[in-house]
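Given chain P, work out where chain W should sit, using these hints.
Now for the letters of each chain:
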Amino acid sequence: MKKCKSCNFTYNTDRYTCPFCKNRLEETNEQPLITYQPYPKFKDKIHKTNLVQKIFVFLTLIASLVVTITNYYNYKKGINSLWSVITLIGIITLWSFIKGIIISKKSGAKRVFNFGLCLILLILSIEYLSLTKKGNYSNWSLNYVIPFILIGILSAINFIIIIRKKTYTNNVGYALWTPILLIAYYLLYIFDIVTVAWPSISCLVYGFSSLIAIFFFGGKATIQELKKRLTL
Amino acid sequence: MKRKNWYKLDNAAQLFPMVSTHKDTNSFRLACVLKEEINPSILKEALEITLNRFPTFCVKLKKGYFWYYLEKNNAPVIIREESPYYCESNDYDLQNNYPFNLSYNNKRISIEIFHAISDGNGGMEFFKAIIYNYLLLKGLTFENKGEVLTQEIETLIEESEDSFKFNYDNKIKKTKNEGKAYKIKGTHYYNKWIGVIHAICDMNSLKIASKKYDATITEYLSALFLQSIYENYLKNSKNKYPVRLFIPVNIRKYFSSKTLRNFVLFIRTNSLFKDDTNFEEIINHVKETFKKELPKDKMLARMKANIKLETNPFIRIIPLTVKKLIMKIGYKILGSNANTMSFSNLGLINLPSGCEKYIDRLEFANGASKSSPINCTAVSYNNKAVITFTSCIVERKFQSFVLKKLIDDGVQLIIETNDLEVEHEKM
Numbered sequence: 001m002k003k004c005k006s007c008n009f010t011y012n013t014d015r016y017t018c019p020f021c022k023n024r025l026e027e028t029n030e031q032p033l034i035t036y037q038p039y040p041k042f043k044d045k046i047h048k049t050n051l052v053q054k055i056f057v058f059l060t061l062i063a064s065l066v067v068t069i070t071n072y073y074n075y076k077k078g079i080n081s082l083w084s085v086i087t088l089i090g091i092i093t094l095w096s097f098i099k100g101i102i103i104s105k106k107s108g109a110k111r112v113f114n115f116g117l118c119l120i121l122l123i124l125s126i127e128y129l130s131l132t133k134k135g136n137y138s139n140w141s142l143n144y145v146i147p148f149i150l151i152g153i154l155s156a157i158n159f160i161i162i163i164r165k166k167t168y169t170n171n172v173g174y175a176l177w178t179p180i181l182l183i184a185y186y187l188l189y190i191f192d193i194v195t196v197a198w199p200s201i202s203c204l205v206y207g208f209s210s211l212i213a214i215f216f217f218g219g220k221a222t223i224q225e226l227k228k229r230l231t232l
Numbered sequence: 233m234k235r236k237n238w239y240k241l242d243n244a245a246q247l248f249p250m251v252s253t254h255k256d257t258n259s260f261r262l263a264c265v266l267k268e269e270i271n272p273s274i275l276k277e278a279l280e281i282t283l284n285r286f287p288t289f290c291v292k293l294k295k296g297y298f299w300y301y302l303e304k305n306n307a308p309v310i311i312r313e314e315s316p317y318y319c320e321s322n323d324y325d326l327q328n329n330y331p332f333n334l335s336y337n338n339k340r341i342s343i344e345i346f347h348a349i350s351d352g353n354g355g356m357e358f359f360k361a362i363i364y365n366y367l368l369l370k371g372l373t374f375e376n377k378g379e380v381l382t383q384e385i386e387t388l389i390e391e392s393e394d395s396f397k398f399n400y401d402n403k404i405k406k407t408k409n410e411g412k413a414y415k416i417k418g419t420h421y422y423n424k425w426i427g428v429i430h431a432i433c434d435m436n437s438l439k440i441a442s443k444k445y446d447a448t449i450t451e452y453l454s455a456l457f458l459q460s461i462y463e464n465y466l467k468n469s470k471n472k473y474p475v476r477l478f479i480p481v482n483i484r485k486y487f488s489s490k491t492l493r494n495f496v497l498f499i500r501t502n503s504l505f506k507d508d509t510n511f512e513e514i515i516n517h518v519k520e521t522f523k524k525e526l527p528k529d530k531m532l533a534r535m536k537a538n539i540k541l542e543t544n545p546f547i548r549i550i551p552l553t554v555k556k557l558i559m560k561i562g563y564k565i566l567g568s569n570a571n572t573m574s575f576s577n578l579g580l581i582n583l584p585s586g587c588e589k590y591i592d593r594l595e596f597a598n599g600a601s602k603s604s605p606i607n608c609t610a611v612s613y614n615n616k617a618v619i620t621f622t623s624c625i626v627e628r629k630f631q632s633f634v635l636k637k638l639i640d641d642g643v644q645l646i647i648e649t650n651d652l653e654v655e656h657e658k659m
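Protein chains in written order, with the numbering used here: chain P, 1 to 232; chain W, 233 to 659.
Bound-form chain P, shown alone (with noise of 0.2 Å):
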């Protein structure tokens, strides 16, 4: 045990000066009364860097200033289309692929979801932001390509909640939104938004059939998940 003379404070401690007047503290005879058990002496947290994604990420804003630097100019000198848009979103789609799919260890659906929405993205930047006449557009990428991408990511979470069904709890808020996202997607064609019929009906029949399924056969689980998320 030691004591400060000055403060005439008993320390039961591996210091030599009190804490509070900084004098030397000085060991007296006494037994120790309490069990000394000492914390861990102070360290610097190690923040791990990934010297990788550090290359990458400087790379992938090294080319989004030069990309839309010459957009810019090209821009100004006459030449009508944005088309750095449409490459800064195929780089963040990239991400998403690389980060998001291969690297990421949250939950496969979600990963599946959010690489989705960023390829529908970039594929409808690819045809409103290209080099074509303004109110020229053919609308392909709505009319075909985006509900066929819809299912895609439809089909690949079903997949994953099939193959992973200890995740089901993490996976099914996806299953359940999703379909949802390609019912909806019918009312384009309603609002003519979307010219051609049979992609958007294909869209709506595999999204109701998705939403029927999961409760068939998610049966009790699904309903008990919906009920955890949707508390008021």
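Keep in mind the hints are simulated off the structure, nothing from the lab.
Warning: the hint list may mix true and false statements.
To be verified - Using C-beta positions, here's what the derived DEER-type ranges look like:
1) W:490 / P:46: 43 to 49 Å
2) W:236 / P:70: 57 to 63 Å
3) P:205 / W:308: 41 to 47 Å
4) P:213 / W:488: 46 to 52 Å
Unchecked claim - Every beta carbon over 10 Å from chain W, so not counted as near; a handful from chain P, in silico:
5) 1
6) 5
7) 7
8) 42
9) 123
10) 215
Idealized CB from N, CA, C, for every residue including glycine.
Relative to the frame of chain P, chain W by itself:
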């Protein structure tokens, strides 16, 4: 008995997942210093046995669309060596998503518990059971007269209830919001380090000291803390904000609740000091505050304020992402800004007779953050009251004053600290 596999967060707990950050984790630490070295494999087994008895701790935090909720956690438990950082992390991925962190270091067992699953009293019941099961697994025997909730004592439904909702009285008027409080300033430690000072007091001498002023231990210590703030920070200053000491109150005894989840409200002292305020005036003010604020109807009024927020239909239908933002702002204005410091006293802890031969003491600590840079806690066991000061600022004049006053009042105490000589950041 069929167990629920999910729980809504109780009323007090709803806030914590929304406002906790890496700098203010809203967790607390309980520790037990034994008289011999800890065996980690036995400790892990004790935790597994205890989790079977305490389903409200065997959970993981999940996001719903409108609120957070707790779901049964089937993952294996992880225990690790004690980190030097206090209440450092809310990164529960590292603990297989369990919202607590059990660790050991030589003779100390520590547990840091996220406030979303329980308060100090509920957490202490869980921790006592871990220690008790650990000692049993070491081959020791004791006679448990109900001091510890073990496997033999059935898990009551009431242990998982949200007692706020059960005891809420709509007829009582809710309390008004209090304004901004005085904030202690200081030089912050580097890298969110928290300095810890324990004053291990002889319980009898502490009781005698508080009896001198005809006060309870909580009242006596509260007055000491207020006096220390006044003497060290406010004397001869032009401060216009009141000093508010935030004191959690365990309201289980008011409503005969058995819940192991959060069931705690609070009182706040509201002190505006005059020149030459003395200790007697402060302690009388504290005793008056306790007398005025502790009655059941006052507690019900505070409860109503909290419940009204959760049951407001407009608040309920806001998506969780937006709700988090609103709660963070609201908490800063009405919560953390309204407190100068907190003082939480768990009181006397009972363990089965015979345990005191193997347990030296119990410890209890809160974290510290920019909005409340010094916090105080107390817990007693086996004639030892451990008062803990946790601080994220380097300056120690507050603690020094309190400890000197305790000694002057005849309290016998021994001081232990963690590593206080850590680099600091210039503010």
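Return the numbers of the hints above that this structure violates; sort them in rising order. Failing hints, ascending: 5, 7, 8.
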